[in-house]
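For the protein sequence lines, the chains are A and B, in the order given. Start counting the first sequence at 154; every next residue gets the next number (the numbering used here). Start counting the second sequence at 14; every next residue gets the next number (the numbering used here).
Don't read these hints as lab results, they were simulated from the structure. Treat the hints with care, since some could be wrong.
[What the hints assert, rightly or not] When the alpha-carbon atoms are kept at most 20 Å apart in a straight line, the in silico EDC-like pairs for lysine to aspartate or glutamate are as follows:
hint : chain 1 : residue 1 : chain 2 : residue 2
1    : B       : LYS111    : A       : GLU211
2    : B       : LYS111    : A       : ASP249
3    : B       : LYS55     : A       : GLU205
4    : A       : LYS162    : B       : ASP40
5    : B       : LYS111    : A       : GLU237
6    : A       : LYS189    : B       : GLU16
7    : B       : LYS14     : A       : GLU197
8    : B       : LYS14     : A       : GLU211
9    : B       : LYS55     : A       : ASP238
10   : B       : LYS81     : B       : GLU30
11   : B       : LYS111    : A       : GLU197
12   : A       : LYS191    : B       : ASP52
13   : A       : LYS193    : B       : ASP40
14   : A       : LYS194    : B       : ASP52
15   : B       : LYS116    : B       : GLU16
16   : A       : LYS171    : A       : GLU220
17   : B       : LYS55     : A       : GLU220
18   : A       : LYS206    : A       : GLU177
19   : B       : LYS111    : A       : GLU220
20   : A       : LYS193    : B       : ASP52
21   : B       : LYS116    : A       : GLU197
22   : A       : LYS193    : B       : GLU16
23   : A       : LYS194    : B       : GLU16
24   : A       : LYS189    : B       : ASP97
Quick caveat, the model's predicted, so the values are computed rather than measured.
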Amino acid sequence: DTEVTQTPKHLVMGMTNKKSLKCEQHMGHRAMYWYKQKAKKPPELMFVYSYEKLSINESVPSRFSPECPNSSLLNLHLHALQPEDSALYLCASSLDGTGYYGYTFGSGTRLTVV
Amino acid sequence: KQEVTQIPAALSVPEGENLVLNCSFTDSAIYNLQWFRQDPGKGLTSLLLIQSSQREQTSGRLNASLDKSSGRSTLYIAASQPGDSATYLCAVPSVNSKLTFGKGITLSVRP
């Protein structure tokens, strides 16, 4: 298995809703990432988990809450989002926290906040 | 701070043409560079990963080169096809494994 699987592929949520994005990989990678991508822009890093510990939070608002229950799974909990949070959310993984062996990205979750 | 530049932002070519996509970076202290493809609304697909000790990597019709000293990488696509139409991004890992991306080149291959 050489994939990063993200669910759901599409999500529409109201500003008062609570939802979660899920990311899974079975490549034995020990670092996992959340990126946010707006239209016609490159991905922007949100969070990094290395060996199941949060190592980087790029000053992301608290309405985004990451969770890494185990080395294969990464969640992003969403609460009280704003319309400007609508974007493509990408999960990625790498063998270790250095990125030396490259990164594998998932197909993304298209999030629309109404 | 690492900066990655991809110029031009968009490129349109007729089918069958060989083409080169450029990527430049400001800090040559990198240990690899990765090229990705992104179709509209989709995730990133890794095309090629070049380690700093390598000069080239090939996969099918794709060939990527890396010149650390000049801060440049190129992605060569041979005999382009309409199915190659996508956005191509290059990226280098920076401190704490943060990936720095270029803004991408949107390629359109005309039948």
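* Asked: Between LYS81(B) and GLU30(B), is the straight-line Cα distance small enough, at 20 Å or below?
  -> violated (27 Å)
* To do: Take a quick look at whether LYS55(B) and GLU220(A) sit within 20 Å of each other, Cα to Cα.
  => Not satisfied, since the Cα-Cα distance of roughly 23 Å exceeds 20 Å.
* Between LYS171(A) and GLU220(A), does the CA-CA distance stay at or below 20 Å? -> Answer holds: LYS171(A) to GLU220(A) is near 15 Å, not above 20 Å.
* **Satisfaction of hint between GLU197(A) and LYS111(B), Cα-Cα up to 20 Å** => Status holds; Cα separation ~10 Å.
* Asked: For the pair supplied as a hint, LYS191(A) and ASP52(B), is the alpha-carbon distance within the 20 Å limit?
  -> Roughly 14 Å separates the two Cα atoms, so the pair holds.
* Please work out if LYS193(A) and ASP40(B) have their alpha carbons no farther apart than 20 Å. => Cα-Cα ~25 Å, so violated.
* For the pair we were handed, LYS55(B) and GLU205(A), check the Cα-Cα distance against 20 Å. => With Cα atoms ~26 Å apart, LYS55(B) and GLU205(A) exceed 20 Å; violated.
* For the pair supplied as a hint, LYS14(B) and GLU197(A), confirm whether the alpha-carbon distance does not exceed 20 Å. => holds (15 Å)
* **Pair hint outcome, LYS111(B) versus GLU211(A) [Cα-Cα no greater than 20 Å]** => holds (10 Å)
* Is LYS14(B) close enough to GLU211(A), meaning Cα to Cα at most 20 Å? -> Given that 20 Å is the threshold and the Cα spacing comes to 16 Å, the pair holds.
* Holds or violated: LYS162(A) to ASP40(B), with C-alpha atoms at most 20 Å apart -> violated (36 Å)
* Given the hint that LYS111(B) pairs with GLU220(A), does the C-alpha gap stay at or below 20 Å? -> Holds: LYS111(B) and GLU220(A) sit about 19 Å apart, inside 20 Å.
When the structure is compared with the earlier hints, violations turn up for hints 3, 4, 5, 10, 13, 17 and 24 and for no others.
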